[in-house]
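Student: Protein chains in written order, with numbering that gives the first Met the number 0: chain W, 0 to 265; chain F, 0 to 273.
In short, the hints are calculated from the structure, not lab data.
C-beta atoms are modelled at their ideal positions from N, C-alpha and C, and glycine is treated no differently.
Each hint should be verified, as a subset may be incorrect.
To be verified - Distance ranges between label pairs, derived from CB positions:
1. F/Q163 - W/A248: 51 to 59 Å
2. W/E46 - F/L57: 38 to 46 Å
3. F/Q163 - W/I36: 37 to 45 Å
4. F/G243 - W/I36: 15 to 23 Å
5. F/A7 - W/I36: 50 to 58 Å
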Amino acid sequence: MATLEHANWFMRGLFAAMSAIIVASVLLAQRGREMFIRRIPGLTAIEEAIGRATEMGRPILFSPGLDGIGIITLQALAILAYIVRLAAAQATRLIVAIRASEVYPVAEEVVREAYDAAGRPEAYRPEDIRFISDEQFAYALGTVGLMARERVATNFLFGGFYAEALILTENGRALGAVQVAGTPDPTQIPFFIATCDYVVIGDEFYAASAYLTREPTLTGSLVGQDIVKGILVALVLLGVGIATYLGGAANEAHNLLWQALARGSQ
Amino acid sequence: MSRLFAPAPTPRLLAAYLVIGLVGSVILIYLLHRGLGPRGRRWLIAVVTFVAGLFYGLEFYYPVHNRKNFLTDWIEPVSVMIAVIGAFTVGLGIYSLCQVHGRNVARRRPGWPNSLAFFVAFLAMLVFGLWSHYTPVGEPAPKVLPWQNGVYEVLFNGLFAPLQTATFSLLAFYIASAAYRAFRMRTAEAALMMIAAFIVMLGQVPVGAWITSGIPLTSPWAFFRLETLGEWILNWLNMPAQRGIVFGIAVGALAMSLRVWLSLERGTFFSEQR
Chain W
0 MATLEHANWF MRGLFAAMSA IIVASVLLAQ RGREMFIRRI PGLTAIEEAI GRATEMGRPI
60 LFSPGLDGIG IITLQALAIL AYIVRLAAAQ ATRLIVAIRA SEVYPVAEEV VREAYDAAGR
120 PEAYRPEDIR FISDEQFAYA LGTVGLMARE RVATNFLFGG FYAEALILTE NGRALGAVQV
180 AGTPDPTQIP FFIATCDYVV IGDEFYAASA YLTREPTLTG SLVGQDIVKG ILVALVLLGV
240 GIATYLGGAA NEAHNLLWQA LARGSQ
Chain F
0 MSRLFAPAPT PRLLAAYLVI GLVGSVILIY LLHRGLGPRG RRWLIAVVTF VAGLFYGLEF
60 YYPVHNRKNF LTDWIEPVSV MIAVIGAFTV GLGIYSLCQV HGRNVARRRP GWPNSLAFFV
120 AFLAMLVFGL WSHYTPVGEP APKVLPWQNG VYEVLFNGLF APLQTATFSL LAFYIASAAY
180 RAFRMRTAEA ALMMIAAFIV MLGQVPVGAW ITSGIPLTSP WAFFRLETLG EWILNWLNMP
240 AQRGIVFGIA VGALAMSLRV WLSLERGTFF SEQR
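Same shape as in the complex, but just chain F (with noise of 0.2 Å):
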């Protein structure tokens, strides 16, 4: 099995297993194509979908022997071929894009220029990212032109990386506007929830300990410290309440990949054809 999947020795044997691959998919999923109608694509999907579901299940739970059993070591192999088969539909994505963009642009419509605006950045990211993938390195550096791996930095570094910071940052405001409204006591619900997210946010800070901190710490009535009252509502009320819901998940989960590995979903998910 290693040399199954093992690098190819050569570069010019990589280069024939590429085109081998390549050309041997194409015809497959030509053929698929062809030859199934709506039918045996669900009869297809239904099978691969039930030997994959057996493979990773029988993996996890049939018995190990040194932390391993027979199916352990293709764990990995199998994980690479499912990254490669969804890596091929990056394309797809980009091709939607151009697509959608492409249209806009050459029929100007509204906010085209926005449009031209990713075929340039997607074109400069493309080109300066694999240039600068592809620079030579080694002792002494070899000579490369000065602005190689230079245009690369600004775009990645000085454009996209603090233009994602800077869409984070926007939260601080998201989360301060959300939260005004979810505190307005209109309810008893809210109400409720504004005095608790109170005494939670009171307890995590220094004032919220120095307003309490009156009560002595032997008192009986030290549970009423804010910083021990602010932990008792997140450790008691709010951690039972929330694995309950991540009990009902994993249960909803495996009812749900039951149901996609047995194909019970099939009538609903793909759905019928008239």
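Bound-form chain W, shown alone (with noise of 0.2 Å):
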């Protein structure tokens, strides 16, 4: 049986020292603690490309992307039940294009209780929730033609996306649809970027949620991993500091160290 990697000691307390200053920060939001979220584009565009769509009498498309169920995927669905809210208090139609057939029941059930949510069940279509293929290119072509088909007005992509991204939303251009997408990959973004009226890049995506909902778990969540992203990059000045300062010595405390560290995990 195949062993897996496991973590040294650094790793476990770096892990813990997050985690607690993350759990911390929700904890201080949900006391009311008023907490600043700066203004994110691609996301504030969301309502305007779903109003844009109402206006055209189209529908609206969503691709959550090729991963299967996972940390992506699901902020992508978070994000998809956002969209489809709005939608449906604007009775605008919204597709959904599903690659991976586990997040196929899933994309259902976000989609079924965001319209009760938005009190409107009775708008609720099942096949608007679409298993395309769980071929990358045959996913590629089938949306395509969904967007052609439908003539779509919007089309948002959030997910984990890979080769096809540009084939989406070169046709989406062609298509005339306004198009906001949102990756993780950073190999992806160039190409989104160079396609889309509006991106969310890197970690705005995982801010998606809390900056859309204002919730204040999960307000207190982003705020957090601000902290954590601050003082990873103190951690890396020092680093650059010592590096640069002591050479030798400080490539040899190094090498020392993690030798340590990797005892550690032991």
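Grab the two chains, each in its own frame, and use the hints to assemble them into the complex.
Tutor: Following this line, the structure appears as structure tokens:
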């Protein structure tokens, strides 16, 4: 049986510290502490993009990407729930194109409950949650076909995307759809920037549910992760400073420390 | 534990396990569906998520002895169980496809022949794929129908694979059109990106090196040779930005994982019901 890699003491300590900061920030926010979130244009544009589809009387397409159930897809589905609530309130049809079969029942549940929450359960159409194909390019072409046949006014692409990202967005653009995309994958971000109207990049993707709902729990978690990022940046700067001014001695100390930590995992 | 997950010793026992497993699953799902209201379902999802997260978290963080801890041996069986549960959803996907395309054909909607093509392709791949998979093999080669494997080969390697490759090759044209739009110098940022991309691209090809080959390698101006400048842009400007994004993504994923694990997301994710 293949054995997985395990954490060493440094990783355990770092994980515990980072988790503690995020959870503490969540608890503070739940107790009513005001927390500021900067404006994220890509997420602010969601309402505008839905409004455009409503004005044109044409549907919206949402793709949660290629990944199966995981953190990226769960975040995409949280964004989907928000978009469905807005679209339902404006009586605009929304189609979801699914690649991973295990995402299909979860997406169905999220959309159905979002229509319930918007007070329009009768507007829910199960056939608008479409399983396209589990093959990457068959999914891409199937989704492009759906965009063209349904003449979608707005495309939302949130999730894990790979080589098919450009096929989806270039065709969406050719069809004149407003496109809002978000992915945490740095290799696909440039393609989205080149072809979409608004893009949510990097960790903004994970900030989406907090930004859109302003729920104290989620806002607290977002502020917590910003504090953690600040600490990591400080650690990087400290490391750069030590390596620059101590040179070889720092390298030796680093190697000794790393060996000690590796022993700690045994 | 190994006995629990060992393969069934006889085909008859395997069939019995399959029947018991299927009947048991159906009864369990029925009871959960009937017995649990929305609140109960949410509670069940929260508990299962927490236990599953705890299992993988503990396995990774708990100290190990000889590269193993008390949970390591369970990783593979649990992963297989999750894969099996995930495989059930393939049926749901196929059901969705048949529902949508069946309705198109039945109501003769515009483009219904495409939906008919879906059924023909689906059945052809299913029948010939299974037939080919269960073709007997051995020495000497057993007698099979001449086209038993041939049809599957034509469908998969002769049709499906080239179609995939053709779609992938379309990317070259999409990249060209997207790059053309991105590099139009309408703003200062676009101009900067255009200049950087121009240097990096030239730095990667022999003609780029040739253009600035007049600058001696030992000269104080050697930094401005296109291949050196291109590499500097990639390693000193692009890489820190990429790493900054990756840092943010990793911390964001950790925060999201904690929210899902502790079911703090449920207000958004499983929308409030009226």
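Student: Now look at each hint and say whether the structure bears it out.
Tutor: To see whether the hints hold, each was checked on the structure:
In this structure the hint that F/Q163 and W/A248 lie 51 to 59 Å apart at CB holds, the actual value being about 55 Å. A beta carbon spacing of about 42 Å between W/E46 and F/L57 agrees with the range 38 to 46 Å that was offered as a hint. The hint said 37 to 45 Å for the Cβ distance between F/Q163 and W/I36, and at roughly 42 Å that hint holds. Between F/G243 and W/I36 the Cβ separation comes to about 19 Å, which falls inside the hinted range of 15 to 23 Å.
Look at F/A7 against W/I36: about 55 Å separates their beta carbons, and that is inside 50 to 58 Å.
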